[in-house]
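Participant: Spelled out from the first residue to the last, the chains are:
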Amino acid sequence: MSALRRVAGGVRALLHKGAGDRELDEELRSFAQHSADDKLRAGMDRPTAMRAARVEMGSMAAIKDDVRDTGWESTMESLGQDVRYGLRALRKSPGFAAVAVLTLALGIGANSAIFTVMNAVLLRPLPYGNHGRLMMLWGDNHATGSHRDYASMPTFEALRARSQTLAGVAAVSPQWTVILKDQAEPQRVTAYFVSPNFPQVLGVTPQLGRFFTPEENVPGREAAIVISHSFWQQQLQGDPNVLGRTLTFDIGPARVVGVMPAGFQYRDDVQLWVPLEANPILADSRRRTVVRFLTLVGAAKPGLGLDQVQREMSGIAAQLAAEHPDTNAGWGINVVSLRDEVSGKVKPALLVLLAAVGLVLLIACANVAGLLLTRAAARQREIAVRRALGAGRTRLLRQFITESVLLAFLGGGAGLLLAKWGMSLLQTLIPPSIASAGTARIDWQVLAFTAAISLLCGIGFGIAPALGMGANLHDSLRSAGRAAGSTLKSRLRSSLVIGEMALSVMLLVAAGLLIRSFFSLLEVDPGFRPDHLLTLQVMVPSGPEYDAKYAKPEQRVQAYREMFQRIESIPGVTAAGAATRLPMLGTLTTKLQVEGRNVPPGQEPEVEFRRASSGYFRTMGIPTLQGRTFNDSDRLNTATVMVINQEAAKRVWPGEDPIGKRVNWGGSWATVIGVVGDVRQFGLDAAAAPEVYISFDQGPPSNPLLVIRSASDPASLAAAVRAAIREQEPGMGIYGVETMESVVSATVAPRRVNTMLMATFAGLALLLAAVGVYGLLSYAVTQRTAEIGVRVALGAAQRDVFRLVMGSAGRLALLGLAIGIAGALAASRLLRSVLFGVSPADPLTFVIVPLVLIVVAFLASYLPARRAARIDPVVALRAE
Amino acid sequence: MGEKGSGVVQGTLDMLILKTLALEPMHGYGIGVRLEQISGGALQVNPGSLFPAFRRLEREGWIRGEWRSSENNRRARYYLLTDSGRKKLKAETREWEAQTAAIARVLRARLGEV
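Just so you know, the protein sequences line up as chains S and R, in that order.
Going left to right, the first sequence walks through residues 8 to 887 as my numbering numbers them.
Going left to right, the second sequence walks through residues 2 to 115 as my numbering numbers them.
Take these hints with a grain of salt, some might be off.
Below, simulated DSBU-like cross-link-like pairs (lysine-lysine); rule was C-alpha separation at most 30 Å, straight line [as the list claims (entries may be wrong)]:
(1) S/Lys-46 - R/Lys-20
(2) S/Lys-657 - S/Lys-668
(3) S/Lys-427 - R/Lys-91
(4) S/Lys-71 - S/Lys-46
(5) R/Lys-91 - R/Lys-20
(6) S/Lys-427 - S/Lys-354
Don't read these hints as lab results, they were simulated from the structure.
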């Protein structure tokens, strides 16, 4: 209430400033008259009484000032004055203003940019109603040490029935590819099979229609499906009567019952949500109980945390292991918050980048502090005059801080523009699983963050020079412009040089380590030759008119043989092959029961599994190490054969010859015929896992990935390959035509962006530090002109003066270097999680970085030192 | 700013002005004189402290100013205590008494009583 009154009073006072002033004048005059009246009565004569009254009152102007100072509006008013004055002062020295604003723009802009990504990935709530309570319930496989494994249907059902801490659990299949056959050309569509409670668990509702009900969660019949907004808009042209529309897929017809909101995405960006029970795996009663293919997501009951859920899940997992030892022994449940699940991988990299831009900002601030220090020296006489005219020290301090905060805000504004400019690059840092919701954009949080760091910087770099200002009024009036600089100031200057050097060392070391990591990543042998390889996926058409041609496996074997022949006959193609999955992306595993070994169920070795054509290994450039790979003698009616990789040979048959051994995989027997080299299945930074290959011809898939080796640029072959396939079968679906090199480079893209950003920031830091050190040393030389003049007059040679300046600069630089190296050694341990193939104390980096900095420091101090050496003693001393 | 050398305990000037005005409406000079008289000359408040205090109290709504003609027939700005000012004075007085009593007890305390 009274606060409100104060505000109102202040506003009134501002609006009626003139009237209030006049009233106060009159009141003060009346006061003086009453005082004089009293004195008259006491016997003074009129002039004496008037004079005495005036003297007693003191300065009217001072009283009026005091009265004005009582309200908040006066603070605002003087702030306004300060800002106006500050702007005028900046306009008067545009060079200084431009350099300072640009420096700050770089420093603050880098921070705003990285914060924008942080905000999108780590801070902004996930776009689900239950975002804070969502948790992934992963299978925790004690035998293989995999903490993020799939769950089986019985486990899902048990969790739903038994959990007391979860309000709901939904099951989601892996991303499934289905074919939409309604269009002229069959379309590949991605889908999740989900339990009907999926939207309730996440806390989302369809934009149109509804989600399918538990009654609709049944196999066989026309499935009730929900489609994504983009699928509705793009594939169905935004059909307003989409609800109830029937679509034909390769897995059968489906009826659209709902459309999800635009931008909705849960993990993969799929286009369909299909009832879980319609999944073919669940149709078979044996597979239903043993196949682990579900990811489970649960919403904790309000108020319950991850720890409580984890405790309960561990308990239930133990019960299940006791009840069903055949399927659940050795399995736990690993609860991970959905937030960590989606951002876990990028979090360390982002934190490293945030630390880096923080250091850049510190250097920028040190630079601006140095600039202000120089400027304060030049303004000493102005300050002294203002103090002599009655400006208080606090008032002047406020003026200084206002000016530096003003600078910081100008820098922050320009920085936001820089950040906006870099936004598209930063978007690649955001994991695809939240890409649609987590776009990097400048929102009010980013604005608030930028404003906050601008304010902080403004106060931070403004206060240091301001404190050193005009401690002694007389001194500064007399000696303005030629003071040798107080010890406080020169100490401040030295620490700025040392600090800038140290911070640059740390940043450069971090950047150096990341660059080395990136190159050692590129040097990793992927296990195949990605150059001159084209890849694409084909989809054998299905439906009444095609089933006669392709439904039988032997028909497909024949069709693929013909396809390979046609492609290999294209000029420029040297080899062609196919497999069910490409390296680097994705995984499917199977368990191996080795003949003659009695491994308890659930403990069998788990291996990656691919089907490959006879030409696959040759085309990919995967070397055959032992035995043979597939050839035309491996047919549907001959014994199943298996090729394994080196890792599988080492793990499954340590010290034995695997050739000729028999294994059971997923229920059928196969004989190992050869060993091939390891291929990185999950990206360059993950070691190769054991893997087995089964021949294409002994179980041809309907949507293989083709690999085609060319003599020339593989991309130029795309049209010819497409034409060759269409010539054989016009209805054949063709998707995802890409060069293998772009597939590989996509897997290292986030790391490349990371490294590039880090290198940019380090370069920025180096540049800023060089400019800053140069500026500070030049200033020191200017301050010491008189002293150097005296030295020269007393007989010091140019060489001595040069050495003097270089020496003092060198000492500071070396001290900074030492501190920086120590800091980098300590900090690089924190980098360990983002490094690859390089030690945090990598000797090469720790040698090159200091060398670079020594060169930079030398260059930065060379010019000021040369200027000092050329000081003419006559000029220097006359300037006194 | 503040009560420079007035002999008035920091922060009590507001209370004293309110008390003076509780007796009758008064103009600025009169308030100063009245404070000096009542205190037997112990409190001398200069205009540099009085006027900011008037402005402050007026902002808070505890006093109200109006122009009247004074006892020696001059125009003067008289200050009147408002209702909320009266309440404030009561509260301040109670607070003051409680405090001074407490301080007095402390000052009187002998070792045996602690």
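Participant: Against this structure, judge whether each hint is valid.
Facilitator: Structure-based check of each hint:
1. S/Lys-46 - R/Lys-20: Satisfied, since the Cα-Cα distance of roughly 26 Å is no more than 30 Å.
2. S/Lys-657 - S/Lys-668: holds, 14 Å
3. S/Lys-427 - R/Lys-91: Violated. S/Lys-427 to R/Lys-91 sits at ~60 Å, over the 30 Å cutoff.
4. S/Lys-71 - S/Lys-46: holds, 24 Å
5. R/Lys-91 - R/Lys-20: holds, 9 Å
6. S/Lys-427 - S/Lys-354: holds, 22 Å
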